[in-house]
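**Student:** Protein chains in written order, with the numbering used here: chain A, 90 to 238; chain B, 90 to 238.
Honestly, the hints are just simulated from the structure, not real lab data. Keep in mind that the hints are not guaranteed to be accurate.
Repeated chains share a single entry, so a pair holds when one copy, or any two copies, can fit it.
Below 20 Å or equal to it, Euclidean Cα-Cα: the simulated SDA-like pairs (lysine to any residue) are [as the list claims (entries may be wrong)]:
no. : residue 1 : residue 2
1   : K99       : K223
2   : K147      : Q131
3   : K144      : P133
4   : K150      : N132
2 protein chains.
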Amino acid sequence: MSFAIIQAKKSLIFEDVPVGAVIVDDNGYIIAKGYNQIQKKQNPLMHAELIAIQKALKKSKYLNNFTLYVTLEPCPMCAGAIILSRIGKVVYGASDPKAGAVDSLFNLLNDKRLNHRCKVISGILAEESSNLLKSFFHKLRLSKKRNES
Amino acid sequence: MSFAIIQAKKSLIFEDVPVGAVIVDDNGYIIAKGYNQIQKKQNPLMHAELIAIQKALKKSKYLNNFTLYVTLEPCPMCAGAIILSRIGKVVYGASDPKAGAVDSLFNLLNDKRLNHRCKVISGILAEESSNLLKSFFHKLRLSKKRNES
Chain A
90 MSFAIIQAKK SLIFEDVPVG AVIVDDNGYI IAKGYNQIQK KQNPLMHAEL IAIQKALKKS
150 KYLNNFTLYV TLEPCPMCAG AIILSRIGKV VYGASDPKAG AVDSLFNLLN DKRLNHRCKV
210 ISGILAEESS NLLKSFFHKL RLSKKRNES
Chain B
90 MSFAIIQAKK SLIFEDVPVG AVIVDDNGYI IAKGYNQIQK KQNPLMHAEL IAIQKALKKS
150 KYLNNFTLYV TLEPCPMCAG AIILSRIGKV VYGASDPKAG AVDSLFNLLN DKRLNHRCKV
210 ISGILAEESS NLLKSFFHKL RLSKKRNES
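Only chain A is shown next, with the shape it has when bound in the complex:
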């Protein structure tokens, strides 16, 4: 997860919400990385997980034997991409009460009606992941206030 946090910090360069993801194989090798690039690419779909999954899919059509580490609970789009790419295990840091689709708002990764389910571990380095986000939004609010005054 600490590698995912390093990725998250890269988001900050373009003032993107700091979220990072890595995909790791059975031997612990990182096969794909991603960080939020919504501002950088001016594209609201450029979530860390989706970027990492797309990269991993260039190496394997399905990702059953891989683990996705991501600093924030995946949203519906990313959870859907996790199901479609059949990722075996997801480890996430901070919960997302506004859009989390793994535990918070939906339980997409373990819905018996869908054709894939995966192991989920939550709360790993949650405080570090969450503090990165809090600090980002705090600075954003300060900057907005400055611009308004």
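Following the hints, put chain B in place on chain A, whose structure we already have.
**Tutor:** Frame of chain A; chain B shown alone:
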């Protein structure tokens, strides 16, 4: 929707499940098109809607003033992408009882907890859209039987 069906038929060239999508502006002009390319690209995320949305996002960061026409009810990933890109209206053909995330299994496009909701019209050219899918799966089953015998 008939343009989305034309797109869906393109999927068949590479033996992909026939689903097609178009995104249309306020004046009725098509600004992006997509068809299922999972087999063609050997990538399980290459859904018609996601391809069309990614193309449309090259023209506009958000898609509030656009309508997505798609021959099959969107899955969780595509519904999530619709929310993130803030598409104003979604018109779909056939329902998807196995993975539909608009009406069948989930109601992602009109969930008050998420930060975007869009107008939805369903059942437009549903029979044509559905017949394309049925015919595809029928041929697939016949072909499998032939290979097994």
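**Student:** Look at each hint and say if it fits the structure.
**Tutor:** Here is how each hint holds up against the structure:
1. K99 with K223: within (16 Å within a copy, 46 Å between copies)
2. K147 with Q131: between (23 Å within a copy, 9 Å between copies)
3. K144 with P133: both (18 Å within a copy, 12 Å between copies)
4. K150 with N132: between (25 Å within a copy, 6 Å between copies)
Going down the numbered hints, you'll see the structure goes against none, and every one checks out.
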